[in-house]
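Trainee: Given the structure of chain S, go ahead and fit chain E onto it with the hints provided.
Chains S and E, in that order, are what the protein sequence lines are.
Per this note's numbering, residue 4 is the first one in the first sequence, and the count goes up by one each step.
Per this note's numbering, residue 9 is the first one in the second sequence, and the count goes up by one each step.
Read the hints as simulated data drawn from the structure, not as lab findings.
Just so you know, these numbers come straight off a predicted model, no measurement behind them.
Some clues are possibly wrong.
What the hints assert, rightly or not - Derived CB-CB ranges, DEER-like:
#1 E:G266 <-> S:K132: 16 to 22 Å
#2 S:E318 <-> E:R359: 19 to 25 Å
#3 E:H273 <-> S:A194: 31 to 37 Å
#4 E:G266 <-> S:R414: 51 to 57 Å
#5 E:L21 <-> S:E154: 53 to 59 Å
#6 S:N351 <-> E:D202: 41 to 47 Å
#7 S:G196 <-> E:A162: 40 to 46 Å
#8 S:A194 <-> E:R234: 53 to 59 Å
Claimed, not checked - Straight-line C-alpha distance at most 20 Å; calculated SDA-like pairs for lysine to any residue:
#9 E:K184 <-> S:E397
#10 S:K132 <-> E:R286
#11 S:K114 <-> E:K184
#12 S:K218 <-> E:E356
#13 S:K114 <-> E:E181
#14 S:K407 <-> E:D231
#15 E:K416 <-> S:R232
#16 E:K308 <-> S:S176
#17 E:K308 <-> S:H415
#18 S:K349 <-> E:E155
#19 E:K293 <-> S:Q135
#20 S:K229 <-> E:Q421
#21 S:K413 <-> E:E356
#22 E:K184 <-> S:S176
To be verified - Not the full set, but computed from the structure, chain E residues with beta-carbon under 8 Å of chain S:
#23 E207
#24 N419
#25 W423
#26 W424
A virtual CB, placed ideally from N, CA and C, is assigned to each residue, including glycine.
Chain residues, written in single-letter form:
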Amino acid sequence: MKKLLFISLLANLVLVAILESGLRKRQTQERAEELSAESIEEAVFPGVSPVAAAGQRAKPAHTETVNSDQNEGVDWRRIESDDYKAYIANLRAIGCPEDTIAVIIAADLNKLYRSKLAHLRPPEDGRFKYWQSDMRSHWTRNPEYHRAMQEAFKEQRELFKELLGMDYMRTMSRISGWGWEEEDSFYKSLAEGKREQLSEVTMKFQELSSEIHLKARGYMDEDDQKALRKIEEEKEAALAKILSPEELFEYQVRTSDTLRSMQWNELQGFEVNEEEYRAIARAKLAEQKLGSTHSETGEKLSSEERSKRRKEIDEALRAALGEERFAEFQLNQNYEYRQAVEITQKLNLDRVVARQVYDMRGDVQKAANKVRSDSSLSTEERKEKLLAIQAETERTITGMLGEKGFKAYKRHAWWVRELSR
Amino acid sequence: MKPNNFLLLSLALNLGLGAVAIYIYRAAVPPSSLSTSEEIKPSVQVFRQRARQLRPEPLSGDAAAPALSDAAVADRPKDWSEIESSDYATFIANLRAAGCPEETIRDLVTARVNQAYGSQLRELRGWNPNRYWEMGRSRYMDKDYAERQRKIRALEKEKSELLISLLGVDPNEQMKRDHGQVDYHTRNFDFLTDNDRKEKVRDIQEKYTALEQEIQRTGFYDDEDRAKLRELYRQRLEELSGILNPQELQEYDVRASGVASQLRHDLEVFDVSEEEFRRMFAVRKAREEDLQYPSDPDDKAGLERRKKAVEEADAQLRQMLGDERFAQYKRSQDYDYRQLVKMTERWELPRERADTVYSLKEDAEEAVKEVRNNKELSAEQREETLRKIREETESAVTEVLGADGFRKYTNRQGWWLRNLSPDKPKPRT
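Same shape as in the complex, but just chain S:
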């Protein structure tokens, strides 16, 4: 009995010691969190804290974590917490799926940052000033607001990652159903670590180029263009450290601005299959590199070297596309030809007509030049002959495209209008 009493008394002493130490530790922790919270709040929301503005102290944080009580069921009041860590833990404890937690936290952060930016938003935003030009929208009028928005979004993404260990953009685009990466065979084939790095590099360089666009305020001068090209080159170098050359190419065929612009211009009206597109993309990207400086030596290629390599690129493309398709592709680089194709499409004419119109140009201009350089002709005779060539050309093209088509073609084809001049 005495032995039991002794053990019990000893246990009491040990428990008191544990209690004292635990209480001291908790007080220190609370104070540290309070101090940290105050200083960080001021750093993150300088001068905009409604609590601080009212001269009040922030409410003590509810940091309690709970587990779902099988008897009482889910009580959201016990799940809610002022501490994201506890909030997330509580949601997990009731079995809430990670994507649903992500939605809740993302919505929370959205509101938080929206309120943070509210005081920066220009008052006219949200109201349509119909008498002002769209071109000089708030995007160019208020670069400060957009810069702040960009910074806030960056913070938001970082915080999201810190809380949930997930990439904000990827997660939200997947959950929203907008994300295409999840369905793309290339992205699906990449290891998770690589995808994460890829996302980080993409965001980093996107931020850098956004900054250039913001500074430019709708007018890109040559320094801006140079800076953008440099960013592109640096991005490619950074990507090359993460991706294999083949992976890098896969990434570029999907995301490159140069290739997207090519699709909307040089490839307009020229239907390509995947294989052809990849061959053209490879050539275009190689050609783009000819103008850039060497990443290590900083030197540019000489014009002779550039022209030699351009020939090599063309030859590789010719081999990939075949003679006929290569010729068609080359032809499609010409703006006037593309306009002629568009006209034939609108007027339901055979596409070959556009080719015939285009082919006429060389012969007609040769004939006109012969007349211009014929010193045996007087000025009047020369003019008369040139007018005759022009009239004949117009008649022929009208025969091919019809009157409506010819009028439309003439707007872009200056060579026809210049024949008699």
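Mentor: Chain E only, in chain S's frame:
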């Protein structure tokens, strides 16, 4: 006290102290499921607290929140699996039964509805990740374009209606407003207050937009197409007159018509008041047809008609704006001047610098014209005078923009300087 009582008291103390120690320990240690939370910065706590303070409704964790009745407690879902439901209404009811704040319910339901429509909308917009080689313009401007646009509008409408039926509001629209985004269609009838008529106007507007897109889909359109577009707009106004009174119809016209849109574009660097815009709009609207360039560049009668219309409109605008403002207006219609204004804005220079450079351009071009028409000058004299004009002008522009500014300006917009007098031939190396 007997030794037995001491033992009992000590054992009771053991239990009490043990319980308190466990409580303190549990409160101090984060839940095991958050093993990665050690790395989370303390700032996270502040953010969450602030986010909750932003809520329009009372915090459910607040002491002020009403206590739940026993029946309500009994109806609570036991865990998330009992909250989860593929039926939106059931999902909402389950969340409410768990005491979930309305705002969180809105966030969750909106995300689910957006997800349900997301992939359909993405496909209709032509984003197929595995067909990256088809992402060019033709993909967007193909024959199905109008039909796909119609489907997109129908789906967006259906989604919005679903959200309103579930939540009483469309949080997506609210979010757009909070971000300062005003939908192109909506802003055209911001003068209307009742939603019912807004909806009807929007339906009519979208119907005619689809018809117009069918004409504009291909890259070019001629006089015939333009006439069709004008006729469609006339029909649109006629249909709208069944919903809008004459004054409202005028408000719509000054916002949504092609004339208004062109005028807004033309006033890109010329600030006007709302009143001035409306008066300028009236002038242009009255001569809408004649002010357009003929689609055939050799249509002399069309060009003459346009010239006359511009002169008449200008006379009215001069009277309206006064000589000085009218001169500024005319200048602002020139593409080169607009670029100059944008350039000075980009370099954070005063607008006056753009005016000065533009005046130098006008003066130099005038001087060159006189020299070229001067029959008394020999070819050499003419060449020398033109070269001098160019040199002086270049030096004056450099003074206004600085050497670096001049270099960048001439590389991009310096064609007019080269037109004053040809470049000196470069010495052979």
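Trainee: State for each hint whether it applies.
Mentor: Going down the list of hints, with the structure as the test:
no., hint, result
1, E:G266 <-> S:K132: 16 to 22 Å, "holds, 19 Å"
2, S:E318 <-> E:R359: 19 to 25 Å, "violated, 52 Å"
3, E:H273 <-> S:A194: 31 to 37 Å, "violated, 49 Å"
4, E:G266 <-> S:R414: 51 to 57 Å, "violated, 19 Å"
5, E:L21 <-> S:E154: 53 to 59 Å, "holds, 57 Å"
6, S:N351 <-> E:D202: 41 to 47 Å, "holds, 46 Å"
7, S:G196 <-> E:A162: 40 to 46 Å, "holds, 42 Å"
8, S:A194 <-> E:R234: 53 to 59 Å, "holds, 56 Å"
9, E:K184 <-> S:E397, "violated, 53 Å"
10, S:K132 <-> E:R286, "holds, 12 Å"
11, S:K114 <-> E:K184, "holds, 12 Å"
12, S:K218 <-> E:E356, "holds, 10 Å"
13, S:K114 <-> E:E181, "holds, 14 Å"
14, S:K407 <-> E:D231, "holds, 10 Å"
15, E:K416 <-> S:R232, "holds, 17 Å"
16, E:K308 <-> S:S176, "violated, 55 Å"
17, E:K308 <-> S:H415, "holds, 18 Å"
18, S:K349 <-> E:E155, "holds, 18 Å"
19, E:K293 <-> S:Q135, "holds, 17 Å"
20, S:K229 <-> E:Q421, "holds, 17 Å"
21, S:K413 <-> E:E356, "violated, 41 Å"
22, E:K184 <-> S:S176, "holds, 17 Å"
23, E207, "violated, 18 Å"
24, N419, "holds, 6 Å"
25, W423, "violated, 15 Å"
26, W424, "violated, 18 Å"
Of the hints listed earlier, those the structure fails to meet are numbers 2, 3, 4, 9, 16, 21, 23, 25 and 26, in rising order.
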